[in-house]
Amino acid sequence: MSRRVVVTGMGALTPLGLDRVTTWEALLEGRNGVGTITRFDASAYPVRIAAELKGFDVESFIEKREARKMDPSTQYGVAASLMAWKDSGLCEGDFDSARAGVIIGSGVGGIQTLEAQHAVLMEKGPRRVSPFFIPMLIADMSSGMVSIMLNLKGMNFATVSACASGAHAIGVSFQAVRCGDADIMVAGGAEAAVCPLSVAGFAAMRAISSRNDEPERASRPFDAGRDGFIVGEGAGIVVLEELEHAKRRGAVIHAEITGYGATGDAYHMTAPAPGGDGGARAMARALDDARMVPEDVQYINAHGTSTPLNDKFETAAIKSVFGEHAGVLAVSSTKSMTGHLLGAAGGAEAIFTALSLANSVIPPTINYETPDPDCDLDYVPNQPRDTKILNALTNSFGFGGHNCSIAIRRFEG
Amino acid sequence: MADVLEKVKQVVAEKLQIDAEQVTMEAAIVEDLGADSLEQADILFSLEDEFGITADDSDEAEGLKTVADIVAYLEKRTG
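Residue numbers (my numbering), protein chains in the order written: chain A, 16 to 428; chain B, 599 to 677.
Calculated from the structure, these hints are not laboratory results. As the structure is a computational prediction, the values presented were derived from the model and not from experiment. Honestly, I wouldn't trust all of these hints.
[What the hints assert, rightly or not] No farther apart than 25 Å at their CA atoms in a straight line, the calculated lysine-lysine pairs in the BS3-like style are these: (1) A:LYS139 to B:LYS605; (2) B:LYS674 to A:LYS139; (3) A:LYS79 to B:LYS607; (4) A:LYS327 to B:LYS674; (5) B:LYS605 to B:LYS663; (6) A:LYS79 to A:LYS101; (7) A:LYS79 to B:LYS613; (8) A:LYS262 to A:LYS168; (9) A:LYS139 to B:LYS607; (10) B:LYS605 to A:LYS79.
Could you put the whole structure together from the sequences, leaning on the hints where they help?
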């Protein structure tokens, strides 16, 4: 019999709040986490808005001596993991450490460290580059540090698939637990890319919104006036656990992961394939993996970035997979409130989806004002919706043509 | 000498988040103060930066074990 995989811990660090509960409350209030960039002087940049974490105090999670050797992306990944672990209630003796692993993805890893150390190299020469530069830069260090702090000796690596990194981490972790390679996986994503090089680069691509005068209205997925995503930062981490393992220790079960679909576009570096072909195949595979038919799904937490192409093609993809049912199910983009957490998005949005299932309420797509003929689904505009949902998908797509969809079910025993 | 020692104490204490009083002349950076190899290198690079020197003889720098070794090295280099 196939092993079942449940979510027993969740930790989030987002522009809406420094924990999962605060973030969830903000999502249901339709609050917006986007503002003028404060992290650096962006006055000369074409884009001057982002979704920054506010008031993160690393020392409430990690001792200063250790924290200073971590890039912010790793600090976020570790902090969210510690919150998720605490939430899971797992204690030493509850589990076999060799069968507990960590997979935390990141789109770019330590880009702030890269910026700072490159400046040191240019100004002071090679002898002044920090011995911590490489360990702070590499995108797999959240996974490494979490394993050290929690003594988890099972599989350990990172996924890198741009904005799908966090989702892929959860997908492969789900597979590892289901197939019996692990009993417990700490999985998700972390990103800290609100920095000059990143904002300049995304702006050069014309990928991000330049609605500088109205930051609170800039992230507007599926709305006709959308003009790009908002660079966000944070982390979203879940603890996945084999069902019987969780039951034996009397764990609180938030939701069940039932399917995972991953595909490649084989089309273009950054543009999604026409019609959302790759995303559609990822959703279809996730449904198949979960042994579901389209009519079983009531909600999709969309990738919904607020770029003209993503939202149009994701809509087309949903319609191609779900047929007439596409007009029945609810689709919302929480990125309208959090901004785009890039490699952390899939982790955070898996948590939001699990909370939707557990609490029977769907967070809205805010800033939805003007319908776009290419985006004609029910996007849960501007107000949360109380409705019992049994099955949901959460989508994540990344530059490079990486598509990932995860099926999550309300846990009812 | 006193100035160099004070600076070394300050940097080592800050990097390792320990009390400056623990940073005595006899203390070995790794064995007594608990630095790992990266922290050891970080301390040395920071001190070189503070004193405006660049170690071109890395063998000599790598042999530094105690606070006294580091103080002597820095005094020689800045001498």
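Hints, verified against the model:
no.: 1; hint: A:LYS139 to B:LYS605; result: holds, 20 Å
no.: 2; hint: B:LYS674 to A:LYS139; result: holds, 22 Å
no.: 3; hint: A:LYS79 to B:LYS607; result: holds, 18 Å
no.: 4; hint: A:LYS327 to B:LYS674; result: violated, 68 Å
no.: 5; hint: B:LYS605 to B:LYS663; result: holds, 17 Å
no.: 6; hint: A:LYS79 to A:LYS101; result: holds, 20 Å
no.: 7; hint: A:LYS79 to B:LYS613; result: holds, 9 Å
no.: 8; hint: A:LYS262 to A:LYS168; result: holds, 22 Å
no.: 9; hint: A:LYS139 to B:LYS607; result: holds, 24 Å
no.: 10; hint: B:LYS605 to A:LYS79; result: holds, 20 Å
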